[in-house]
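Novice: Chain by chain, the residues run as shown.
Number of protein chains: 2
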Amino acid sequence: MELERPYLLFLGDVPDALAAKTGLGIVDWRRDWCVGQWRLPNCKADAKLPEMNATDAAAAGAKTMIVGVVNAGGVLPDHWIASIVEALEAGLDVASGLHKPLASVPAIAEAAAKTGQRLLDVRISKQSFATGKGNKRSGKRLLTVGTDCSVGKKYTALALEAGMNAKGFDATFCATGQTGVFISGRGVAIDAVVADFISGAAEWLTPATEPNAWQIVEGQGSLFHPSFAGVSLGLLHGAQPDAFVVCHEPTRTKMRGVETPLPTIGEVIEATIAMGKLTNPAIRPVGIAVNTAALDEGEARAMLYSVATEYNLPTIDPVRFGVDPIVDALAAEYLA
Amino acid sequence: MELERPYLLFLGDVPDALAAKTGLGIVDWRRDWCVGQWRLPNCKADAKLPEMNATDAAAAGAKTMIVGVVNAGGVLPDHWIASIVEALEAGLDVASGLHKPLASVPAIAEAAAKTGQRLLDVRISKQSFATGKGNKRSGKRLLTVGTDCSVGKKYTALALEAGMNAKGFDATFCATGQTGVFISGRGVAIDAVVADFISGAAEWLTPATEPNAWQIVEGQGSLFHPSFAGVSLGLLHGAQPDAFVVCHEPTRTKMRGVETPLPTIGEVIEATIAMGKLTNPAIRPVGIAVNTAALDEGEARAMLYSVATEYNLPTIDPVRFGVDPIVDALAAEYLA
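Residue numbers (my numbering), protein chains in the order written: chain A, 1 to 336; chain B, 1 to 336.
Hints listed in this document are in silico derivations from the structure and should not be mistaken for laboratory results. Fair warning: there could be bad hints in the mix.
Since the list gives no way to pick out one identical chain from another, each pair is judged satisfied if it fits inside one copy or across any two copies.
[Said to hold, decoys possible] Below, computed lysine-lysine pairings styled on DSBU-like, alpha-carbon distance capped at 35 Å:
| no. | residue 1 | residue 2 |
| --- | --- | --- |
| 1 | K44 | K114 |
| 2 | K277 | K114 |
| 3 | K100 | K136 |
| 4 | K44 | K254 |
| 5 | K100 | K114 |
| 6 | K136 | K48 |
| 7 | K167 | K44 |
| 8 | K21 | K44 |
| 9 | K254 | K114 |
| 10 | K277 | K254 |
| 11 | K114 | K136 |
| 12 | K254 | K140 |
| 13 | K167 | K63 |
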């Protein structure tokens, strides 16, 4: 899926900032791609962008309106439909991360047909992929993996992309989830792909590239999560990473949504190498990212030091302290 | 997906027996469920069932007509449509393993709507599943796993089901592919499920049961196949097997369809335990099934002896020599 830029962010009338998390994430990472925000009366989220409607945004050059919000159950409220139709009529594509397909609303489907603009449901994969082949491709790849779901794999990948490019690497974030697709303008919601094509979709996402270019691949789930490990393994095989970074949330005791205990960072390293070597025998860990939000600064620094020492790997909290230790180690090796 | 029985097998006018493999497999394993076969002029496959059309089959008690054939590309030839419509009008459901959905043919969709009979596309999963939870369920489970795709996992599971029931076990085959679904009358084509729900679909397929009952789960792919390992891992986690049997084809040097070398049986045992213990810490191998079709009888017996000795596990060729060594070992432990 490829989105045309720049974007108009539609925030609707969501009740709080959390409901606009996707839209706010786009602004955090891709401020330059956003010409404005369109908010309905009583909207409680604010991405701090110029306020404009679809017609103004089209005049300002916008190509795609992003419905960057969640609603209970992923539904599309009836009173947002007119705004979406208006965007199509103003000449914008409309991209949504809601569960409900945009085209399932007759008024939206009609407006899209009439205007020829595209409806892009990033949660719903209509693209067909080949099955994965496992052949080695040129270029370098780094995958973020996790001890669990929702431990910062996307954030870490985006922060590494930015940090590596700042140090002189040619690095490109590769999105595997809906927010990531909006942020990169391209990608695939890999958990929405038919099971037979997980690794094939990951291969499509990370094609052969320049030998020194890095694709920084957003991980999904965990090899140790009983709901999603199949997705994680297909992504690992398809991405054939040269390098991986383990993401971890140290206060969690059970995996998200289930009763399964969390694996250790060491178990994740061991399993990722054991399974990942199938498509890249040279796979190795190059760092650890720990979410220390629940700790005070002293505890956080002590935790990073302790983890770094235990595993002999650069260990970061990308939100709190940045990504330099990992990027510097990569630069010493690859930019020498 | 649940199919009503008994079946009428529709063999169309396929050019050879291989094109009717699915239908012939149903007769091999479930002769009692088949009231007859319907062949069009020039059909070159023969399941050795009474010849009858849909009206005769309905009179004989048939409930479902199985389109148990493949055609180049999984398409539905135009000249089969009238037979399918006739079956619906005779009061039969129609189940198909073709890629093309039955309801995508207007005449078939109309006939189904008019008659109220069901169209069952076993390759296409419309059912929605919960995500896998990983909670321990009562009952015993055995999963067939493989060093590769197409090494006899379905055959081994069906042969174990038959052999175990003959020795006094309460064993039930659980189908994860299209032919298996026809043979068991229930199941899910697990490679057609959306990636997020692989382990959830496997949990649905193998629900809690009597503590001494065994579910014999048809494996898919291989943890070492770069195209399909995600499916294999999700199935392993969802099925939470107590026991597994490794299926192997000793003359293969590369994995099916790709350039990846075959893993050893030992590597498969090690990875299956390492990953499977997440949802069943007691997981263990209980046997090995080797396809010795390419060897003469002396070589075959020598191969089984050598593998059995190397891994200290009962080793069988279920097609050539039956499943007794594995079933006897299980009986000694569980039926004592």
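Novice: It remains to establish, for every hint, whether it holds in the given structure.
Specialist: Results for each hint:
Taking the shortest alpha-carbon separations for K44 and K114, only the intra-copy value of 33 Å comes in at or below 35 Å, while the best inter-copy value is 51 Å. Taking the shortest alpha-carbon separations for K277 and K114, neither the intra-copy value of 50 Å nor the inter-copy value of 55 Å comes in at or below 35 Å. For the homomeric pair K100 and K136, the shortest alpha-carbon distance between copies (33 Å) is at most 35 Å, but the shortest distance inside one copy (37 Å) is not. In this homomeric assembly, K44 and K254 come within 35 Å of each other (Cα to Cα) only inside a single copy, at 33 Å, whereas the closest approach across copies is 58 Å.
Taking the shortest Cα distances, K100 and K114 sit within 35 Å of each other both inside one copy (21 Å) and across copies (30 Å). Taking the closest pair of Cα atoms, K136 and K48 never come within 35 Å of each other, the shortest separation being 44 Å inside a single copy and 48 Å across copies. Taking CA atoms no more than 35 Å apart as the test, K167 paired with K44 passes in neither setting, with 38 Å inside one copy and 67 Å between copies. Taking CA atoms no more than 35 Å apart as the test, K21 paired with K44 passes inside one copy only; the shortest distance there is 12 Å, against 61 Å between copies.
Proximity of K254 to K114 under the C-alpha cut-off of 35 Å is found in neither arrangement, the shortest distances being 50 Å within a copy and 52 Å between copies. For a Cα distance limit of 35 Å, the shortest separation of K277 from K254 qualifies both inside one copy, at 28 Å, and across copies, at 16 Å. For the homomeric pair K114 and K136, neither the shortest alpha-carbon distance inside one copy (44 Å) nor that between copies (53 Å) is at most 35 Å. When the C-alpha separation of K254 and K140 is checked against a cutoff of 35 Å, the pair qualifies both within a copy, at 33 Å, and between copies, at 26 Å.
For the identical chains of this complex, K167 and K63 are intra-copy neighbours only, at 31 Å inside a copy versus 68 Å across copies, given an alpha-carbon limit of 35 Å.
Of the numbered hints listed earlier, those contradicted by the structure are 2, 6, 7, 9 and 11.
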